[in-house]
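Enquirer: Listed below are the residues making up each chain.
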Amino acid sequence: MSTRQTEIRLSGSGGQGLILSARILAECFLRQGRKVAQSQSYEPTSRGGLSRADVVVSDDIPDYPLATALDYLVVLDQCAVEASRDMIRDDALVLVDAERVTEPLKGRFRTVSLPFIARARALGNERVANIVALATLIELGDLLPEGLLEEVVRARAPRRYLELNLDALAAGRELARRERADAQ
Amino acid sequence: MNTQTPVNLQGNHACALGAIAAGCTFYAGYPITPSSEIAEHMARELPKVGGVFIQMEDEIASMAAVTGASMGGARAMTATSGPGFSLKQENLGLAAMMEAPCVVVDVMRGGPSTGMPTRPSQSDVMQARWGSHGDRPVIAIAPASVPEVYAETIRAFSLAERLRTPVILLVDEVIGHLVETVTLHEPDEAEKGARKWAEGSREGFLPYAITEDGIPPMPRPGDGYRAHATGLTHGENGFPTQKPEEVARVMNRLLGKIEKHRDIIDKWECVDCEDAEILVVAIGISARAARAAVREARSRGIPAGLFRPITLWPFPEEAAKRAAANARTVIVPEMNAGQLVLEVERVLGCGRNVRPVNRIDGEPVAPAEILQAIEEAKA
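These protein sequence lines are chains P and X, in that order. The first sequence: position 82 = 82 (my numbering), numbered continuously. The second sequence: position 226 = 226 (my numbering), numbered continuously.
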């Protein structure tokens with residue numbers, strides 16, 4: 001008998017690298033020997049508009065591969081808030097960007113607002129906000145063994161962006177540790 | 001790609017890998033969302049195996065190029081979405097009439113017209129069957145998972161080559177863009193299927209001969225057989241005819257070759273059908289939702305089952321009738337205004353309540369919606 005599947009959504013605005021982040025996350029779970037189903041929804045523009053990428057993780061191929069009840073949710077833009085409102089589990093962890101999400105979701109779930117985009121900007125490129133948020137999610141959610149995300153990022157990132165991505169990972173982990181310390 | 005290790009693979013990528021594994025040597029296409037990744041992977045991979053990739057000037061030309069390449073001996077394919085599938089219909093009819101083996105992938109998006117390019121749909125179910133004018137043989141396959149896209153692309157090539165007919169792979173956007181963990185296997189020669197080439201005497205050769213199995217041996221270009229191919233109704237010699245008795249004979253052979261080979265064409269999946277009083281019939285992502293709904297219904301003590309046509313056209317009607325033997329209600333969830341339901345009504349409607357569950361808003365039918373229909377049927 002398989003355990004219940006885990007459903008993770010990375011959402012925001014088109015061009016924020018959400019599908020890429022989901023592919024990286026899916027690769028991490030694959031290396032863990034899990035089965036993943038990764039889907040996405042986006043608008044026919046290269047930048048802007050609602051974009052979301054879901055990862056459903058289980059021990060067997062799931063009957064239905066799309067997310068229906070989220071355990072983890074990342075929101076990097078206000079435009080993505082509405083799309084997930086009715087499918088967040090009460091025990092879910094929701095991470096929102098402090099700058100771009102002005103009216104976060106309210107519910108019984110835990111919502112944490114953190115400066116992913118500001119931290120990426122400080123590193124020199126807003127576009128690594130996805131990696132900052134992914135690192136925070138994995139650390140705060142205790143989703144994967146330490147080092148696995150970095151292993152996959154190292155394998156996938158273009159060489160000239162590797163340092164930037166590694167810095168983004170460190171920034172994300174740092175945000176998670178500080179949040180954890182604050183919560184205690 | 002031959003791997004025993006699991007990989008994460010996108011549906012469209014799996015389609016391209018399946019095509020190459022099946023020995024595809026020619027791809028002509030005009031990239032269109034949500035099928036573009038197929039063209040992208042074919043452009044990259046096909047030259048590595050000695051194949052040819054051509055980005056044509058439009059959808060019509062790409063279907064013409066595929067038909068021509070097929071007549072020239074290549075294992076040929078193209079991929080498109082609804083708007084392009086509409087444009088391909090005339091040449092798809094030509095390929096059916098000339099009996100040019102080829103695979104046409106339609107990754108369905110919201111329509112009509114250019115509709116919703118990035119949103120899923122299943123609204124080409126009837127276009128796949130009736131989109132081109134005239135009575136013509138049609139095979140359409142509707143996979144419901146990434147591993148099935150791979151396997152069914154290989155089977156599509158096999159059926160196309162063995163039966164000398166176009167085969168349509170009807171994929172919804174969700175399955176085309178879904179990434180799943182899969183383990184691929186390399187098909188053997190038998191799985192790839194071979195074309196029936198003309199052999200023996202060139203004297204008196206008939207390129208559209210009426211044979212026992214309904215499939216005329218195809219002249220390989222360069223082998224010296226005298227051959228003529230046309231979209232006009234043609235006799236066994238390949239030249240146009242309008243003589244009623246000859247037309248009836250050759251058209252019955254053309255349409256009959258599909259019926260004659262239902263043993264290798266028909267394919268379906270049954271989940272808990274034996275004692276099912278409520279049967280769900282669905283394809284693609286709607287079938288995945290239905291499987292989840294049926295499992296949940298069973299856990300609540302409701303005798304529900306799922307019948308999933310893998311080969312959609314010709315509809316596997318005998319298998320559907322067996323699956324519905326105990327069913328009082330048949331539920332048909334689909335991402336369109338009601339297309340598959342028409343065929344289900346035709347095949348299973350007698351004495352049963354057939355209920356559609358439709359979505360036309362660019363969202364997949366959710367398991368909860370199907371479960372609700374099952375519970376309503378139970379009450």
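Wrong hints could be hidden among the right ones.
A few chain X residues that face chain P, going by a derived Cβ cut-off under 8 Å, partial list only [to be verified]: (1) 4; (2) 48; (3) 49; (4) 50; (5) 52; (6) 174; (7) 180.
Don't read these hints as lab results, they were simulated from the structure. Ideal placement from N, C-alpha and C gives every residue a C-beta, glycine not left out.
Enquirer: Does residue 180/X hold up as a contact with chain P if the rule is Cβ-Cβ below 8 Å?
Expert: Cβ of residue 180/X sits 5 Å from chain P, so the hint holds.
Enquirer: Against chain P, with CB atoms and a cut of 8 Å, does the hint on residue 52/X hold up?
Expert: Result: violated, 30 Å to nearest chain P Cβ.
Enquirer: Against chain P, run the beta carbon of residue 4/X and see if the smallest gap drops under 8 Å.
Expert: Check failed: Cβ of residue 4/X comes no nearer than 14 Å to chain P, outside 8 Å.
Enquirer: Go through the hint on residue 49/X and say holds or violated, using the shortest Cβ distance to chain P against 8 Å.
Expert: violated (26 Å)
Enquirer: Checking hints one by one. Is residue 48/X an interface residue toward chain P, by the C-beta closer than 8 Å rule?
Expert: violated (22 Å)
Enquirer: Can we keep the residue 174/X interface hint, with Cβ of chain P closer than 8 Å?
Expert: holds (7 Å)
Enquirer: Should the interface hint for residue 50/X be scored as holding, given a Cβ-Cβ cut-off of 8 Å against chain P?
Expert: Check failed: Cβ of residue 50/X comes no nearer than 30 Å to chain P, outside 8 Å.
Comparing the model with each numbered hint stated earlier shows that hints 1, 2, 3, 4, 5 do not hold.
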